[in-house]
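Asker: For reference, the chains in residue letters:
There are 2 protein chains.
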Amino acid sequence: MTILLYELCGADEEILFSPHCWKTRMSLAHKGLEFQSVPTSFTEIPGIEAGKAKSVPLLKDGDTIVGDSFEIAKYLDKTYPDTPSLLGGKEAIALTNFVINWSQSQLHPLIGGLCMKDIHDILADVDQTYFRKDREAKIKMTLENLHDGREVKIDMLLKALLPLKLLLKNQSYIGGDTPKFADYVVFGALQWLRITCTIPVLPQEGEVAEWFDRLLDMYEGMGRAAKAGV
Amino acid sequence: MTILLYELCGADEEILFSPHCWKTRMSLAHKGLEFQSVPTSFTEIPGIEAGKAKSVPLLKDGDTIVGDSFEIAKYLDKTYPDTPSLLGGKEAIALTNFVINWSQSQLHPLIGGLCMKDIHDILADVDQTYFRKDREAKIKMTLENLHDGREVKIDMLLKALLPLKLLLKNQSYIGGDTPKFADYVVFGALQWLRITCTIPVLPQEGEVAEWFDRLLDMYEGMGRAAKAGV
Chain A
1 MTILLYELCG ADEEILFSPH CWKTRMSLAH KGLEFQSVPT SFTEIPGIEA
51 GKAKSVPLLK DGDTIVGDSF EIAKYLDKTY PDTPSLLGGK EAIALTNFVI
101 NWSQSQLHPL IGGLCMKDIH DILADVDQTY FRKDREAKIK MTLENLHDGR
151 EVKIDMLLKA LLPLKLLLKN QSYIGGDTPK FADYVVFGAL QWLRITCTIP
201 VLPQEGEVAE WFDRLLDMYE GMGRAAKAGV
Chain B
1 MTILLYELCG ADEEILFSPH CWKTRMSLAH KGLEFQSVPT SFTEIPGIEA
51 GKAKSVPLLK DGDTIVGDSF EIAKYLDKTY PDTPSLLGGK EAIALTNFVI
101 NWSQSQLHPL IGGLCMKDIH DILADVDQTY FRKDREAKIK MTLENLHDGR
151 EVKIDMLLKA LLPLKLLLKN QSYIGGDTPK FADYVVFGAL QWLRITCTIP
201 VLPQEGEVAE WFDRLLDMYE GMGRAAKAGV
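So the sequence lines, in the order shown, correspond to chains A and B.
For the first sequence, position 143 matches number 143 in this note's numbering, and the numbering has no gaps at all.
For the second sequence, position 184 matches number 184 in this note's numbering, and the numbering has no gaps at all.
The following block holds chain A by itself, in its conformation from the complex (with noise of 0.2 angstroms):
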């Protein structure tokens, strides 16, 4: 039975944005499993799957059904143990959650800051009410307003990225010689800014940016050939 992956689109369905999808998407490819895209909308989350799912990634594995980007790594290891590791053995798992929450903390406030109101325009109009009504909550102010003055936080991401730029002096992956579910976690990060935002962000040159190119590429270039909103 093919998985089936529910992940987060646009109006236009081929525009696949979300951060943790691209993990999950990523960790697929990794294990050489084929699956089928459900391009799923903000509004189309709760019905699916007979509402078993809060957010997205959500796989549907024969029977089994895993949310969770991490959780669904796990899932993957230890369903299919003859296809590369995601995540190595269990202090490997303990330090992920590590890159997990960093990420989570330093890095997608201020990409949030930088993209939100260019996630709005790429949804359709029942998806913008929603987001807008849910995300203006959340940042106690309206989406135009937490892009004001935006350019400042590129910097403030450049030195968020700093931990990540120190590293690949040393080695070519957070996972060593080859990338592992913790490069995919920032990889999500980075690659929900180069499909959403409509200013120039990203590192152009230096270690992050060789690094981030090698992902790009990787998985008979997945990641580049994936449909920009921008």
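Hints should not be assumed to be uniformly reliable.
As the list makes no split between identical chains, a pair holds if one copy fits it or if it spans any two.
Unchecked claim - With a straight-line Cα cutoff of 30 angstroms, these simulated DSSO-like cross-link-like pairs (lysine-lysine) come out: (1) Lys-74 <-> Lys-140; (2) Lys-133 <-> Lys-169; (3) Lys-140 <-> Lys-78; (4) Lys-153 <-> Lys-90; (5) Lys-90 <-> Lys-52; (6) Lys-133 <-> Lys-153; (7) Lys-138 <-> Lys-153; (8) Lys-153 <-> Lys-169; (9) Lys-74 <-> Lys-227; (10) Lys-169 <-> Lys-138; (11) Lys-90 <-> Lys-31; (12) Lys-140 <-> Lys-153; (13) Lys-227 <-> Lys-133; (14) Lys-159 <-> Lys-54; (15) Lys-117 <-> Lys-31; (16) Lys-138 <-> Lys-54; (17) Lys-52 <-> Lys-169; (18) Lys-90 <-> Lys-138; (19) Lys-54 <-> Lys-165; (20) Lys-138 <-> Lys-78; (21) Lys-169 <-> Lys-140; (22) Lys-165 <-> Lys-74; (23) Lys-52 <-> Lys-138; (24) Lys-138 <-> Lys-31; (25) Lys-74 <-> Lys-90; (26) Lys-140 <-> Lys-165; (27) Lys-78 <-> Lys-153.
Because the hints were derived from the structure by calculation, they are not lab data.
These numbers come from a predicted model, not from an experiment.
For this one, chain A is given, so just place chain B on it according to the hints.
Answerer: Frame of chain A, contents of chain B only:
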């Protein structure tokens, strides 16, 4: 033959304050290895082991001399495979390097800004002269100026610790159920602050405080018993 650990001290040889030396102290305790401490002041470093070291910690184990706390951890895991692992497998080693670079780039500059003049004040005269000249050239200001309004850095440090705080909501240690070298990396940074800083800085409650307390109590309370300069 007893393992020797050269580690940084103040004018009072019992004040051992270096974050990197604490990483190694905790590593040796983790592995249950006896060692003899050789308190070493800044200006004594060039003279130890026939000038082989530019920095401490420096470990001498029989005829083997190893510097750098991460290299020492790798050496100990390799040389004493029957003792508890500090790092785990190769994926975990690669991921530990991320935590090291995060701590070094995100925590150390803030901690240095909070305690550098305090460190100066616990050194012997000859070391004070060296330390002031070396550090003021690096920071391009006086040690006194660095501490002007240093209180703002307390809040910045708490914010920088957010990835750790979030991680600790899901697991007991960065290494998982038990501490690993990655925990000692961050422990070393906070212990550096605890031993030297003349103003209260460390969080008194919450996940990070509780994690730090557990580590201070480990190995017969070695960390908690350490003599402080303040």
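Asker: Does each hint hold? Answer for all of them.
Answerer: Outcome of the hint check:
1. Lys-74 <-> Lys-140: For Lys-74 and Lys-140, neither the intra-copy (35 angstroms) nor the inter-copy (48 angstroms) Cα distance is at most 30 angstroms.
2. Lys-133 <-> Lys-169: between (43 angstroms within a copy, 29 angstroms between copies)
3. Lys-140 <-> Lys-78: Neither: 41 angstroms inside a copy, 53 angstroms across copies.
4. Lys-153 <-> Lys-90: Cα proximity of Lys-153 and Lys-90: none, with 35 angstroms in one copy and 35 angstroms across.
5. Lys-90 <-> Lys-52: within (28 angstroms within a copy, 37 angstroms between copies)
6. Lys-133 <-> Lys-153: Close inside one copy (23 angstroms), not across copies (35 angstroms); limit 30 angstroms.
7. Lys-138 <-> Lys-153: Answer is both: 19 angstroms inside a copy and 27 angstroms across each meet the 30 angstroms cutoff.
8. Lys-153 <-> Lys-169: both (24 angstroms within a copy, 28 angstroms between copies)
9. Lys-74 <-> Lys-227: within (28 angstroms within a copy, 44 angstroms between copies)
10. Lys-169 <-> Lys-138: Result: close only across copies, 22 angstroms inter versus 37 angstroms intra.
11. Lys-90 <-> Lys-31: Cα proximity of Lys-90 and Lys-31: in one copy and across copies (19 angstroms, 19 angstroms).
12. Lys-140 <-> Lys-153: Both: 18 angstroms inside a copy, 26 angstroms across copies.
13. Lys-227 <-> Lys-133: within (26 angstroms within a copy, 55 angstroms between copies)
14. Lys-159 <-> Lys-54: between (33 angstroms within a copy, 29 angstroms between copies)
15. Lys-117 <-> Lys-31: neither (34 angstroms within a copy, 52 angstroms between copies)
16. Lys-138 <-> Lys-54: within (17 angstroms within a copy, 50 angstroms between copies)
17. Lys-52 <-> Lys-169: between (43 angstroms within a copy, 25 angstroms between copies)
18. Lys-90 <-> Lys-138: neither (35 angstroms within a copy, 40 angstroms between copies)
19. Lys-54 <-> Lys-165: between (34 angstroms within a copy, 25 angstroms between copies)
20. Lys-138 <-> Lys-78: Answer is neither: 36 angstroms inside a copy and 49 angstroms across each miss the 30 angstroms cutoff.
21. Lys-169 <-> Lys-140: For Lys-169 and Lys-140, the Cα distance is within 30 angstroms only across copies (26 angstroms; inside one copy 39 angstroms).
22. Lys-165 <-> Lys-74: Intra 27 angstroms, inter 22 angstroms, cutoff 30 angstroms: intra and inter.
23. Lys-52 <-> Lys-138: within (24 angstroms within a copy, 56 angstroms between copies)
24. Lys-138 <-> Lys-31: neither (36 angstroms within a copy, 47 angstroms between copies)
25. Lys-74 <-> Lys-90: both (10 angstroms within a copy, 18 angstroms between copies)
26. Lys-140 <-> Lys-165: So Lys-140 and Lys-165 pass the 30 angstroms test across copies only (24 angstroms; inside, 33 angstroms).
27. Lys-78 <-> Lys-153: Answer is neither: 39 angstroms inside a copy and 44 angstroms across each miss the 30 angstroms cutoff.
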